[in-house]
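Visitor: For reference, the chains in residue letters:
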Amino acid sequence: MAHALTAVTRWLTEPVPRGRVAAFRTVVYLFIAGDLLFFTPWVRTHADVPGELYQPLLIGRLLPLPTPTSTLVHGVFWVLLGLTLAAATGRAPRALGWPVFLLYFEWMIIAMSYGKVDHDRFAFLVALAVLPTVGRARHGDGTLTESGGWALRVTQIAVVCTYFLAAWSKLRFGGPGWMTGSVLARAIIRRGTEFADTIATVPGLLIGAQIGIMTFELLSPLVFVLRGRWRLAAIGGFYGFHAVTIATITISFAPHMAAMTSFLPLERIRPIAWARTVLHRGARAVAAADHGAAPAGPDARRAEAQRAGGP
Amino acid sequence: MDTLTTPGRAVRVLVTLVGGLLLLAGTVWGSDDHFPFGPFRMYAGVNPPDEPAPDTRVEGVDTTGAIVALTQRNTGIRRAEIEGQQGRYESDPGLLREVADAYTERNPGAPGLVEVRIVIRYWGIRDSRPTGTYTDETVVRWRTP
Numbered sequence: 001m002a003h004a005l006t007a008v009t010r011w012l013t014e015p016v017p018r019g020r021v022a023a024f025r026t027v028v029y030l031f032i033a034g035d036l037l038f039f040t041p042w043v044r045t046h047a048d049v050p051g052e053l054y055q056p057l058l059i060g061r062l063l064p065l066p067t068p069t070s071t072l073v074h075g076v077f078w079v080l081l082g083l084t085l086a087a088a089t090g091r092a093p094r095a096l097g098w099p100v101f102l103l104y105f106e107w108m109i110i111a112m113s114y115g116k117v118d119h120d121r122f123a124f125l126v127a128l129a130v131l132p133t134v135g136r137a138r139h140g141d142g143t144l145t146e147s148g149g150w151a152l153r154v155t156q157i158a159v160v161c162t163y164f165l166a167a168w169s170k171l172r173f174g175g176p177g178w179m180t181g182s183v184l185a186r187a188i189i190r191r192g193t194e195f196a197d198t199i200a201t202v203p204g205l206l207i208g209a210q211i212g213i214m215t216f217e218l219l220s221p222l223v224f225v226l227r228g229r230w231r232l233a234a235i236g237g238f239y240g241f242h243a244v245t246i247a248t249i250t251i252s253f254a255p256h257m258a259a260m261t262s263f264l265p266l267e268r269i270r271p272i273a274w275a276r277t278v279l280h281r282g283a284r285a286v287a288a289a290d291h292g293a294a295p296a297g298p299d300a301r302r303a304e305a306q307r308a309g310g311p
Numbered sequence: 001m002d003t004l005t006t007p008g009r010a011v012r013v014l015v016t017l018v019g020g021l022l023l024l025a026g027t028v029w030g031s032d033d034h035f036p037f038g039p040f041r042m043y044a045g046v047n048p049p050d051e052p053a054p055d056t057r058v059e060g061v062d063t064t065g066a067i068v069a070l071t072q073r074n075t076g077i078r079r080a081e082i083e084g085q086q087g088r089y090e091s092d093p094g095l096l097r098e099v100a101d102a103y104t105e106r107n108p109g110a111p112g113l114v115e116v117r118i119v120i121r122y123w124g125i126r127d128s129r130p131t132g133t134y135t136d137e138t139v140v141r142w143r144t145p
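Residue numbers (our numbering), protein chains in the order written: chain A, 1 to 311; chain B, 1 to 145.
Treat the hints as calculated values from the structure; they're not laboratory data. Wrong hints could be hidden among the right ones.
Unchecked claim - Here are the simulated lysine to aspartate or glutamate pairs, EDC-like style, with alpha carbons at most 20 Å apart: (1) A:Lys116 - B:Glu83; (2) A:Lys116 - B:Asp33; (3) A:Lys116 - B:Glu115; (4) A:Lys116 - A:Asp48; (5) A:Lys116 - B:Asp62; (6) A:Lys116 - A:Glu106; (7) A:Lys116 - A:Glu52.
Using the sequences plus the hints, can you model the full thing?
Guide: Below you can see the structure in the form of structure tokens.
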């Protein structure tokens, strides 16, 4: 028993390079800016919705959070946008990370309290809640960190829970008949693309897809058994699943996909370092070219000095 | 390597356990109200193979008599939010006035609405595939007194 507990604890806190945490932070905090502006801009439109249509969730009633007003919605929007861009730099990970988490959580409560709750960002909220616990992490730093390992691991667990427990919910609310029902036909009618309309006519295809979705979701925890390239390939498969849902029923799960980068060796992706190297090389090449074109020998140097007004 | 202290490690394991149990409880017994620990019930409902698919829309009639499609873009209210509160609108049609007010708030120059209605288009489905046929039903209507 003690041995198993030690093994689980070791797995939960398996160290990762600090550079990976730094890169994940940048991805997550930049995603919030993208989410505010592009992915779910409709949250901001709740500023104009009368308070009578606000149906606070349990968390909103418990705390209790105020009914959103135009000032509150626009205030949270601008403060969150500013703080998250600052947090994306990796500076002050706690002083910026905690307010960003709390404000984004409030933003989500504003989003989900008008009659519809989305299920695409549990893992993203977990990432926001745990990232401030890691402390400083610089891009490119290879030092291993256990606290960083825990933050990434629980985000990964939340990603997998989103799939596995979604299958559980389908069995709870729909039963096994969900697989042979018409849920995909319904989704395609309500929000399908032309591509989806085309494939919807193929006999048996949608039922096959439903069985496939259930199987994939139930088996998703196996990603933790896989290692190295196999695990990366499985994560590629997860992203592929979302690419298909975007192409057919226009459901993006964008925040979930951002959280899923916790599975990737993000420390190897260094766009700023690469840009610096390219610029540096470019500057060196220009300097070398200038040097090569410069006049050589004493006569030439004398001529250059005379042109410049010298002796 | 940055190693965790024993208390630091214990707190993290405990937080993971509590969070996991809350999520599991939400999945087994919870509802959307328990966000963020509610069940992941997107597209988890029972839809038999031949059940028509409801495609809800909200329409308004303005002072000129024109029919205006009321969407998230011009009211700030998502279709799924209308569907989520459909029971409230049906028991109190006067609540649709709030939708008209939201439209006016976002479109101050546009003619006002004298009527708002929720219409459901039921699309036919057979053997889990769309048939392309439909029927419309107005489920709730509000008119200016």
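Visitor: Now look at each hint and say whether the structure bears it out.
Guide: We went through each hint and held it up to the structure:
no.: 1; hint: A:Lys116 - B:Glu83; in the structure: holds, 8 Å
no.: 2; hint: A:Lys116 - B:Asp33; in the structure: holds, 10 Å
no.: 3; hint: A:Lys116 - B:Glu115; in the structure: violated, 24 Å
no.: 4; hint: A:Lys116 - A:Asp48; in the structure: holds, 17 Å
no.: 5; hint: A:Lys116 - B:Asp62; in the structure: violated, 27 Å
no.: 6; hint: A:Lys116 - A:Glu106; in the structure: holds, 16 Å
no.: 7; hint: A:Lys116 - A:Glu52; in the structure: holds, 15 Å
Hint compliance for this structure: hints 3 and 5 are broken, all remaining hints hold.
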